[in-house]
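**Student:** Go ahead and model the full structure; you've got the sequences and the hints to work with.
Protein chains in written order, with the working numbering: chain A, 1 to 464; chain B, 1001 to 1506.
Simulated from the structure, these hints should not be mistaken for lab results. Bear in mind that the values here come from a model prediction, so they are computed numbers and not experimental data. The beta carbon of each residue, even a glycine, is placed where N, CA and C say it ideally should be. Misleading hints may appear alongside valid ones.
[Unchecked claim] With a straight-line Cα cutoff of 27 Å, these simulated DSSO-like cross-link-like pairs (lysine-lysine) come out:
no. : chain 1 : residue 1 : chain 2 : residue 2
1   : B       : 1406      : B       : 1257
2   : A       : 176       : A       : 188
3   : A       : 339       : A       : 290
4   : B       : 1353      : A       : 115
5   : B       : 1109      : B       : 1200
6   : A       : 412       : B       : 1406
[Unchecked claim] A short, non-exhaustive set of chain B residues, derived as facing chain A with CB atoms under 8 Å:
no. : residue
7   : 1030
8   : 1396
9   : 1422
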Amino acid sequence: MSDKQVTQAAARSEATTTTDPEPTPSTSGDDTTPGRAPDDHGPRGSNGDDRAVDLAMPHLGQIEQAFVERWHENATGCFSSGHKFCREVCPVTQVTRNENHTPTAFHANVIGLEKGHLSVEDVADDYVHCTQCGGCEVRCPNTLMVGDFYRARTETVKVVRAMRAMLVDKGLDREKWKVWNRLTDELKNEPVLGVEGEQPNGQAQVRDWAAGLDIPIGGDTIMFVDCEAAYYRTSVPRATAQILRKAGVEFGLMNEQWCCGGPAAEMGYVEQSMRFARHNVDDWRRSGVKRIIAIEPHDYVHFTEDYPAYFGDEFDFEVVQIIDLVAELIRDGRLELVKPIERVATYHDPCRLNKRKGIHEAPREILRAIPGLEFRDVDRVTQWSYCSGGGGGLPIEKPEITAEISRRRLEKASELDVDLLVSACVWSERPLTAAGDEAGIEVRDIIELVAESAGIEVGGRTRA
Amino acid sequence: MTVTASLGNEVVDRLNEILDEPGAVLTSRSSRFNRARVPAPFPVHRWEEFLPDVVVLPRTTEQVSRIVKLANELKVPIVPRAGGTGLADGAVPMRGGILVDVKRMDQVKEIDLVNNTVTVGPGINMQTLNRHLRPHGVIYPDDPASYACALVGGRIGTSGLSLLGARYGHTRDLVISFEMVLPTGEVIEVGDGGGRKVRKSSTGYQLKHLFMGHQGTLGIVTEATLELVPRAETEFAAFFLFEDYDTAYRTFSKLAKSGLATLAGVMLFDPEKVDYLRRDDEAYIVQPAWVKAVCAVSLLGTRVEVEPARDVVMKLGRSLGGRYIGDEIASGDWAARHDRYANPLHGRDKNGKVIPMSWHCEDAAIPYSEVPEVLRKWHAIARRYCEQYEIFDDWGAFAYTNAAHKPWGDILLEIDMGLWEDRMDEYSWQAFVSLKKEIAQVAIDHGGSMSSCHGATRAGDAELVPTEMGASWEVMKAIKRALDPHNIMNPGKQSLDEAYSDGHRS
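**Tutor:** See below:
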């Protein structure tokens, strides 16, 4: 069993234990917890006054109670050690240097809620400051030393997501996330081309990127095209489709592809995420789909962790990450890279591949197979502290932090004297490209490079 | 002085004027609660008592100076905080006030490869700094267990210990000079004499050592010039196993007195530590039952030095019957020395039942000759508390060579205790404080110091600072009074309030 299979199995089993992807209970119903007042404002009144907390009072509302019960043990593991190894790898904290934004604070806040010191309102802003990259989890000494034995890790990403779900439930969600998710709900895809004015978003354009490629609909295997790729960086799905075709991999597209629902889940809109997931699974089922090729790492996480948690055993699809597949095609000689690419490049480990899913060898194998390319690598562990800032809804709510994270990433690349930064995550490529323009370093997707080296005229565009 | 209730909007407005940046003056409950504690066991039931009133995130020395002057004018407590990873509450506000969080002062200002110095802000972490330095073939070798999270400002504040101290020195040896904002707001440079990059001087008083380990009670560090040493070409670690503690203890001394210049440190695990690792640390590779104690040693340097020294170490380590653990475990365990900082997060109650626990660590400096007797007394105290209260577990002791470049004399003796923090109430918190006091008293009685590297800043230790300092306590109080006339700098620590009683209050 490969590591990825183990991860998938673990994600499935999580379906029976986690409360995270469940729709959060409504606050308006009867309070069924004996001895607890149905006060959904936490320890203090909603007017935010600072009067002393009476710890003898049942201070938690029903939603908070469920939240702290679910996360108490995980939070205690951090609170009681509190070493903060996570701080220096956290891409957001590296920029803001604000202790409120550290993963440690995300866990301490759980204890603060539990003890009646803090309300959800008090901590809401803290949890916006996270890209859900998972660097804190892999760097946590509790994961490294104790977790090795139990195959367990400190869970911070799930805590952030559960807190955001609680914010949505309590109407404390952020304004820009609200707009983004409302538009996603209306369009059925993310408004990646902008949230104002007449953008050519929507289902009518969802397959525009494939113009002239004559890709069939449905079939045993489908390629799931992320919103950013479908509408913005269309060179990525075009390169992917043409590589697969050249290597003789049969695949189709969905009948009606909606957003995967992952970003909604990341920002706490759990109900919406589940609704979108339901649509997509039903669409796959109708077309007899068995296998999904995820061309984007966020989608891959969502399909291998959230979908199985939402649907349990019903979710029996095979999910393939494009990087693994392309590495295999090159290894097996099914895809020949013939055209030299005379560039000096380094590789950006996308967080969701490296830190979340442990996929770091395949992309390096691919880059080393490209003729002419001088590859200056930075190891995956050093890259635990790297990020583009493009995930977890951060660029929507805090674009200035995303931009600074990307600027620093390019600064690291500059030190290597490269003229090309290669990523494998289309969501990272927009902020990285903007920073690359400043740094004089081009940013490309690994699949675009593979296509070029395979002699394919890709077409599409890499920026607006 | 209690201002918690009275610190009003005017202070916040004036701080905002000084900082002049959105989000640099924080008053939210979350901002304050998250800066009330450090990793040491904490009286969660009294969390509210340790809150700062306001948090500031300055970027410049000038801002820090103006903030301190404001605190002085208003006679408001002011507490510096760097990483907040100390183990003795140095950065925990005892009386509210302004908390100066220096994490934004994390720049590498100058790398001087000619004079081998690097100048940094106090908010930078050593591992991060060393990543900057790597391309230059040099390293700043301050290497505590908290290497990945401690910040330079806190290392100076506590006068920390490096696990490579026998080879390269500790924080006080590796920090050449630093800039300090005094409790009245003046900015001074302290080092050896006047030059920022001078390592040895006979001009004036040795003020660097006065401010090193200031624990926030004498000001705020705003910049530091640090030593750069050539990156070691190779390292070597060996672990030796023993059937009894005494032989391991004597072997420790043989290794410490080997005279090898590349010796980075020697370590000792006592039988209680081996027991604990065996019973509760899943990451520990279990050794045979006859193993009762472990002695470990590491070397760093050039190949021409380390390779022959390795043979000396192997010979000395085995000379009294120690058995070598094997290359893989030795190098692996040594490499994991920072991540080892994490404890298993569980221990046992007196009936052997597994319970979730936090880690507490005592850190006395003890003359080598006294170590067996101190350990005997410490474990007896620990046993008594474990019997009497349900929240304690004895996790055994480590010993490390304590002095820079002179590893043969005194020892950092560390007893680790598990604490059931979740069950902490006032009754058990007071028991913890009294346990600490008893342990510290033993260290003093045996000619040691109660803290080698964390600081005597928390309840249980703080009361004994005058005892340990003896007649020099009067000098210490006079210095504190002279530099901090209004007792605004981190008040309530180390019994320093005494400097302002007995008719001394200004």
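**Student:** Decide, hint by hint, whether the structure agrees.
**Tutor:** Here is how each hint holds up against the structure:
{"no.": "1", "hint": "B:1406 <-> B:1257", "verdict": "9 Å, holds"}
{"no.": "2", "hint": "A:176 <-> A:188", "verdict": "17 Å, holds"}
{"no.": "3", "hint": "A:339 <-> A:290", "verdict": "34 Å, violated"}
{"no.": "4", "hint": "B:1353 <-> A:115", "verdict": "26 Å, holds"}
{"no.": "5", "hint": "B:1109 <-> B:1200", "verdict": "23 Å, holds"}
{"no.": "6", "hint": "A:412 <-> B:1406", "verdict": "39 Å, violated"}
{"no.": "7", "hint": "1030", "verdict": "5 Å, holds"}
{"no.": "8", "hint": "1396", "verdict": "17 Å, violated"}
{"no.": "9", "hint": "1422", "verdict": "6 Å, holds"}
Comparing the model with each numbered hint stated earlier shows that hints 3, 6 and 8 do not hold.
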